[in-house]
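A.B. asks: Under my numbering, the residue at position 274 of the sequence shown is numbered 519, and the numbers go up by one with no gaps.
These are calculated hints, taken from the structure and not from any lab test.
Below 27 angstroms or equal to it, Euclidean Cα-Cα: the simulated DSS-like pairs (lysine-lysine) are: (1) Lys534 - Lys436; (2) Lys534 - Lys511; (3) Lys428 - Lys360.
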Amino acid sequence: MFFEKISFFGFSLYEMCLLFLIWSFLGWAIEVCAHALKMGEYSNRGFLSMPICPIYGVGVIMITIALERFMDVPFAVFLMSSLICTSFELAVGVLMKLIFHNMWWDYSDEHFNFKGYICLKVSIEWGLGCLIVEYCVEPWIEGFIGIIPRTVGVIVIIVMGILIVIDCINSVSAVYRLNLRLKEISEISQKMYDYSQKLGRSFADKALEAADAGAETAADIYMAREKAAERADIIKEEVSEKKDELIDRLRARYDALTAFTDVKDKRVVRLIKAFPSLKSVDYGDTLEKLRTELKERIRRKGA
Numbered sequence: 246m247f248f249e250k251i252s253f254f255g256f257s258l259y260e261m262c263l264l265f266l267i268w269s270f271l272g273w274a275i276e277v278c279a280h281a282l283k284m285g286e287y288s289n290r291g292f293l294s295m296p297i298c299p300i301y302g303v304g305v306i307m308i309t310i311a312l313e314r315f316m317d318v319p320f321a322v323f324l325m326s327s328l329i330c331t332s333f334e335l336a337v338g339v340l341m342k343l344i345f346h347n348m349w350w351d352y353s354d355e356h357f358n359f360k361g362y363i364c365l366k367v368s369i370e371w372g373l374g375c376l377i378v379e380y381c382v383e384p385w386i387e388g389f390i391g392i393i394p395r396t397v398g399v400i401v402i403i404v405m406g407i408l409i410v411i412d413c414i415n416s417v418s419a420v421y422r423l424n425l426r427l428k429e430i431s432e433i434s435q436k437m438y439d440y441s442q443k444l445g446r447s448f449a450d451k452a453l454e455a456a457d458a459g460a461e462t463a464a465d466i467y468m469a470r471e472k473a474a475e476r477a478d479i480i481k482e483e484v485s486e487k488k489d490e491l492i493d494r495l496r497a498r499y500d501a502l503t504a505f506t507d508v509k510d511k512r513v514v515r516l517i518k519a520f521p522s523l524k525s526v527d528y529g530d531t532l533e534k535l536r537t538e539l540k541e542r543i544r545r546k547g548a
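Turn these sequences into a full structure, and let the hints guide you.
C.D. replies: Printed below as a string of structure tokens:
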């Protein structure tokens, strides 16, 4: 069998694929439970929509392979697993920020953190978790894999592999839509502000120009500015309808972007809820406003 013939570090490709799937699911379950205990609500955690967190599957395989020769020394397993998992978390965080222009988790509020990507507290938790995994759970998982019929295992690997690829494409697409949404919201907000500023400055400039033109004495300047102010009010009334129409169109588009009404945007909503610490490199303030708007809509819907 193809999956049995290829082996890595004492594990066949078949075993590694199943280990990856099982631990990806268990990692997702741990994340869901931890989030529920912390936030008091359910959230489908992880980058993918499926009930898996691939980072856990890859992490456990890395630890199992790298620390096999040190299993007789628990402290060495704790120390090395902490270093490996922390390095892996840092690499994934930096890579995802470079690719998607978003920071998916943030430990900035924790002591001894490095740019929010990693922190000492979580590193210790990684080490303790790996001790439990390697000495208590992993032997049972490997035994469970051994009793699964090979044909069933291969079918599961192939089907799940296809679903994961599809889910990855959808999730990447959701991130792309989120970034486009943030960009457009930010641009609309800036346009509304710039238009108001430009309109206000134009009124002020015209008033001052008209007031100063031909005025020789202080009294002349005062009277001219009074007349110019009246003229500015007339001009303002003439363009107010056009201004209101433009602002209304921009506001309608802004509301539509924050409404999350279409089916595709439900994936965007899931990402925002799954990563409460998600930060946009380019549109941080806009993402925070979007998150606040989403929370308010959820609250009103549940009320």
